[in-house]
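Start from the sequences, fold in the hints, and give me the full structure.
Protein chains in written order, with my numbering: chain A, 1 to 338; chain B, 1 to 132.
There may be inaccurate statements among the hints.
Stated by the list, open to error - Quick look at which bits of chain B chain A covers, simulated, 3 or more residues with Cβ under 8 Å: (1) 85-99; (2) 102-110.
Claimed, not checked - Beyond 12 Å from chain A on every Cβ pair, some chain B residues (computed): (3) 7; (4) 9; (5) 11; (6) 13; (7) 22; (8) 23; (9) 24; (10) 29; (11) 37; (12) 43; (13) 46; (14) 50; (15) 62.
Said to hold, decoys possible - To give an idea of the interface, some chain B residues facing chain A are shown, with a C-beta separation under 10 Å as derived from the structure: (16) 14; (17) 18; (18) 59; (19) 60; (20) 123; (21) 128.
Hints were generated in silico from the structure; no laboratory data involved.
Everything numeric in this text was worked out from a predicted model, so none of it was measured.
Every residue, glycine too, gets a C-beta built ideally from N, C-alpha and C.
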Amino acid sequence: MLGELLLAGAGRGWPVSRELDEVQRASAQASAIVEQLLAFNGQLACEPRPVALNELIEATVPRLQRLFGRDIEIVRELNPDLQPVMADPAEIRQILLQLAANAREAMPHGGIFRLETRNAVAVAPGLGATDAGGGPYVMLAVGDNGQGFDEPSWTHLYEPFFSTKGKGKGRGLGLAAVHGIVRQSGGRLWVYSERGKGTLFRIYLPLARADLLAIPETPPDNSRDASTILMVEANDRLLMLMAHMLQRRGYQVLPARNAEEALRMAEAQLPDLLIAGPEPDLAQRLVRIQPGLRVLYLGEYAGGPDAQPFPPGAAMLPKPFDPDTLLARVRELLGEQG
Amino acid sequence: MHSSDVYAKVFQNARCGLLLLDRTTGRVTEVNAAFLRMAARGRGEVVGHNFWEPPLIADAEAGAEVSAHLRAGHMVEGAELPLQTGDGIWLLLEVSSSAPADGVVQLEVQDATGREQARLAARMDALRTMAG
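This is the structure:
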C-alpha cells in the first residue's frame, strides 16, 4: 500500500521507483503467504464438533505453564455448567497457545494470565452490528495484566503483519490467525486493552448443535495436551498418511522431507518428539536446540564404527510397520497411555 | 429388468468404490470392481472380512471409532481413513455412508490421497516460509 502511494506520488521516473516496485512485489507476496496460511487453517480444520471447552482448557494448562515458567501465574475461573461448543479442539488449543505467547511477551517480569469461561446469551457490547450474531454463545475470556496497548492499535490488531511489539519483534501473524480461526468457527472476537494495565480478549464460540450431541462429546484427543511431532520422511505419501493419522489424534505435526527442512522448522517451533529415518546426526543437532526431545527412528539403523550414538531414550521402529504400532510407540515415548 | 438388477448393475459399474457392509459386524457382503482396483485386492480378500480392521482399514483404532458410530445408527460423511492395498501401500480414503436397507450400510469410497498430498505440500510451503 505504501509502495503504491509513493509510486503514484513520485511517478515512474523517480530514482527509487525500481526499489519501490520491489517493495510492492514483496508486500504482495507476503500478503499472499498470509492468505495461504489463513486459508490453510480452514482446509486443515477437522469438522467442527462438540467440545467440552473447560476440559480442553484444563488439558492445555500444563503446556501453558511450561510456556510461562514460574513468573506468570495462571488463574482459571471456569463455569462448571458450561455448554458444549462447536469447534475444532486443535484450533482452540492454537488460540490459547497464541494468546499465551502474546501475554508472555507483554509480561516480561511476570504477572497473571486469566482464563474464564461462561455461557453468554449475546456477544459483548462494542462489536459492530454486522458482527453481533444472535447467540447464544460460550464466552472464553483470556486476559493478562501486562503492558497492554493503546486504543488506536485495536482496529489494526487482526491485520496480517500488524504487531504491537515494536519494530523487529514479532511477525504480526498470530492474532490474524486467531481472528481467522474464531471467524471460521462461526464465533466472534472482542478485545480491550489499556497501556500499562493489560489486555483482555473475549472469544464467543457457538454452541454445539443439539443433533450432534449424540456423538461422543469428547473425543480422545480433547483430553490431553497436544504434543508437537516433527516428522521427517522423504516419501510424500507415507509422510502425509502418518501426519494425517497423528493429527487425527490431536497431535501437532510438523512435516519435513529432509534434515534441512526439519532443522528450520524446529527452530521456529520446538517439537516434543522427532520421527525420522535412522540418521543420528539430525537428532543430535535437534537435541541441542531442544534438550528434552524424544526420538523415534523409522527403519533399521546400520551404524558403522564412526556413527554417533543415539540420544538417550531414542526408540526404533523397523519398516514396514502398521499404524497401530506407530501410534503405540508415539504414545509410549510421549509418556501417554494408549 | 427388475429394480434389484438395475441396482446391481449400477453398483458394479460405478466409478467410485462401493461396498455393502453388515452394520453390526462390519463384514463386507458385496464390493464393486472400482473398489477392488483401488485396493489392488481380489474379491475374496475383501468379501467376508471386517472392513474396519487391517488388512483393509490400516488404522484399527480409527476404524473402530467409525464402526461404532455406524452401529449406533448414525451415518458418516467424508470420514478419512487409511487403507492398506494388496500391493502394500497406503491410500487415504474418504468414506461416506448410506443405508439402503435395514442392517445394511453402503459405503461410497474415494481415493483422497492425491488431494491430501497437495494439501500437505501447501502446508509445508507455508511452514517453511514462517520458519524463515
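So, going through the hints one by one against the coordinates:
Beta-carbon proximity to chain A at under 8 Å applies to 4 residues in the stretch 85-99 of chain B; the threshold of 3 is reached and the given coverage holds. With a threshold of 8 Å between beta carbons, the proposed coverage of the stretch 102-110 of chain B by chain A is violated, since 0 of its residues qualify and at least three are required. Taking the minimum C-beta to C-beta distance to chain A, about 30 Å, the non-interface status of residue 7 of chain B holds against the 12 Å cut. The non-interface label for residue 9 of chain B is consistent with chain A: the shortest C-beta to C-beta separation is roughly 34 Å, beyond 12 Å.
Even its closest Cβ contact with chain A, about 28 Å, leaves residue 11 of chain B beyond 12 Å, as expected for a residue assigned away from the interface. Interface exclusion of residue 13 of chain B from chain A stands, the closest Cβ pair being 29 Å apart, more than 12 Å. For residue 22 of chain B, the shortest C-beta to C-beta distance to chain A comes to about 22 Å, beyond the 12 Å cut-off, and the non-interface label holds. Its beta-carbon lying about 16 Å from the closest one in chain A, residue 23 of chain B satisfies the requirement of being farther than 12 Å from that chain.
No Cβ of chain A approaches the Cβ of residue 24 of chain B within 12 Å, the least distance being about 18 Å, so the stated non-interface status holds. For residue 29 of chain B, the condition that its CB be more than 12 Å from all CB atoms of chain A holds, with the nearest at approximately 25 Å. The claim that residue 37 of chain B is not at the interface with chain A holds, since no C-beta of that chain comes within 12 Å of its own (minimum 18 Å). The claim that residue 43 of chain B is not at the interface with chain A holds, since no C-beta of that chain comes within 12 Å of its own (minimum 24 Å).
Residue 46 of chain B, annotated as away from the interface, keeps every beta carbon of chain A farther than 12 Å; the closest lies near 18 Å. For residue 50 of chain B, the shortest C-beta to C-beta distance to chain A comes to about 15 Å, beyond the 12 Å cut-off, and the non-interface label holds. Not every Cβ of chain A is farther than 12 Å from the Cβ of residue 62 of chain B; the closest lies at roughly 6 Å, contradicting the non-interface assignment. Annotation: interface hint on residue 14 of chain B violated; nearest CB of chain A at approximately 25 Å, more than 10 Å.
Taken as an interface hint, residue 18 of chain B does not check out: its beta carbon lies about 23 Å from the nearest beta carbon of chain A, beyond 10 Å. Here the hint on residue 59 of chain B is kept, as its CB sits about 4 Å from the closest CB of chain A, short of 10 Å. The restraint placing residue 60 of chain B at the interface with chain A holds, with a minimum CB-CB distance near 5 Å, inside the 10 Å limit. Hint on residue 123 of chain B holds. Least Cβ distance to chain A is approximately 6 Å, under the 10 Å limit.
Because the closest C-beta pair between residue 128 of chain B and chain A is about 7 Å apart, less than 10 Å, the hint holds.
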